[in-house]
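Q: Listed below are the residues making up each chain.
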Amino acid sequence: DQQVKQNSPSLSVQEGRISILNCDYTNSMFDYFLWYKKYPAEGPTFLISISSIKDKNEDGRFTVFLNKSAKHLSLHIVPSQPGDSAVYFCAASANTGNQFYFGTGTSLTVIP
Amino acid sequence: DGGITQSPKYLFRKEGQNVTLSCEQNLNHDAMYWYRQDPGQGLRLIYYSQIVNDFQKGDIAEGYSVSREKKESFPLTVTSAQKNPTAFYLCASSTFSTQGRLFGYTFGSGTRLTVV
Numbered sequence: 001d002q003q004v005k006q007n008s009p010s011l012s013v014q015e016g017r018i019s020i021l022n023c024d025y026t027n028s029m030f031d032y033f034l035w036y037k038k039y040p041a042e043g044p045t046f047l048i049s050i051s052s053i054k055d056k057n058e059d060g061r062f063t064v065f066l067n068k069s070a071k072h073l074s075l076h077i078v079p080s081q082p083g084d085s086a087v088y089f090c091a092a093s094a095n096t097g098n099q100f101y102f103g104t105g106t107s108l109t110v111i112p
Numbered sequence: 113d114g115g116i117t118q119s120p121k122y123l124f125r126k127e128g129q130n131v132t133l134s135c136e137q138n139l140n141h142d143a144m145y146w147y148r149q150d151p152g153q154g155l156r157l158i159y160y161s162q163i164v165n166d167f168q169k170g171d172i173a174e175g176y177s178v179s180r181e182k183k184e185s186f187p188l189t190v191t192s193a194q195k196n197p198t199a200f201y202l203c204a205s206s207t208f209s210t211q212g213r214l215f216g217y218t219f220g221s222g223t224r225l226t227v228v
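In the order they appear, the protein sequences are chains Y and U. In this text, residue positions in the first sequence follow my numbering: the first is 1, and each later residue adds one. In this text, residue positions in the second sequence follow my numbering: the first is 113, and each later residue adds one.
Derived from the structure by calculation, the hints contain no laboratory data. Treat the numbers as computed from the prediction; the structure is a model and nothing was measured. Accuracy of the hints is not assured; some may be wrong.
Cut-off 25 angstroms, straight-line C-alpha distance, at most; resulting in silico cross-link-like pairs (DSS-like, lysine-lysine) [said to hold, decoys possible]:
hint: 1; chain 1: Y; residue 1: LYS56; chain 2: Y; residue 2: LYS37
hint: 2; chain 1: Y; residue 1: LYS5; chain 2: U; residue 2: LYS169
hint: 3; chain 1: U; residue 1: LYS195; chain 2: Y; residue 2: LYS37
hint: 4; chain 1: Y; residue 1: LYS68; chain 2: Y; residue 2: LYS5
hint: 5; chain 1: Y; residue 1: LYS68; chain 2: Y; residue 2: LYS54
hint: 6; chain 1: Y; residue 1: LYS5; chain 2: Y; residue 2: LYS71
Covered stretches of chain Y (chain U as the covering partner; in silico rule of three or more C-beta atoms under 8 angstroms from a C-beta of chain U) [to be verified]:
hint: 7; stretch: 22-28
hint: 8; stretch: 97-109
All C-beta atoms in this analysis are idealised placements derived from N, C-alpha and C, irrespective of residue type, glycine included.
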């Protein structure tokens, strides 16, 4: 059973606008969340993280929001740039866990 | 530079043959992982290892085998028992905080395996 879900397989956004990527999880033990960015034929690279003691974390153009009651997190990219076009994975782990659980990914296309 | 290296980048295998994918890290990470990526299915865990000489099955271990004889190395063998081995394979490593919290993964650049 998929414990981390990304229900939008793809998203297209105009350059300069905001991109919002969503992620839902089912396991209430998850307390640490990551976003990874992946280009074709390359390994994912770490983008941003958030702990459950926070509801927001910012790093430049990237902001992750966490809504624990809804078991939902989102990644905001603003302004979106063509180089942001990639597949984005969210991942979650529990405090005593020994692995991260990944969503199925959202393919973002930023249109120039 | 510290990192995680997967080789080869592309690999072709004939049906019925076993093939081994290499994964080496010089990050001094304790934990290593193998994932498989298929279109529309995200990253699925094959095997993982938290210490040398010990490893656990992930969600899709059937048809695969691993070893962890050295901390730095975690090779994956795709056996002939794997029914659909054509995929993109990713190796990752991580470590734990003193409180036992798993840090985020560092991934290799992947190996594309194609069965011909």
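Q: Compare the structure with each hint and give your call.
A: Now for the hints, and whether the structure bears them out:
| no. | hint | in the structure |
| --- | --- | --- |
| 1 | Y:LYS56 x Y:LYS37 | 19 angstroms, holds |
| 2 | Y:LYS5 x U:LYS169 | 22 angstroms, holds |
| 3 | U:LYS195 x Y:LYS37 | 29 angstroms, violated |
| 4 | Y:LYS68 x Y:LYS5 | 15 angstroms, holds |
| 5 | Y:LYS68 x Y:LYS54 | 10 angstroms, holds |
| 6 | Y:LYS5 x Y:LYS71 | 11 angstroms, holds |
| 7 | 22-28 | violated (count 0) |
| 8 | 97-109 | holds (count 8) |
The structure shown violates the earlier hints numbered 3, 7.
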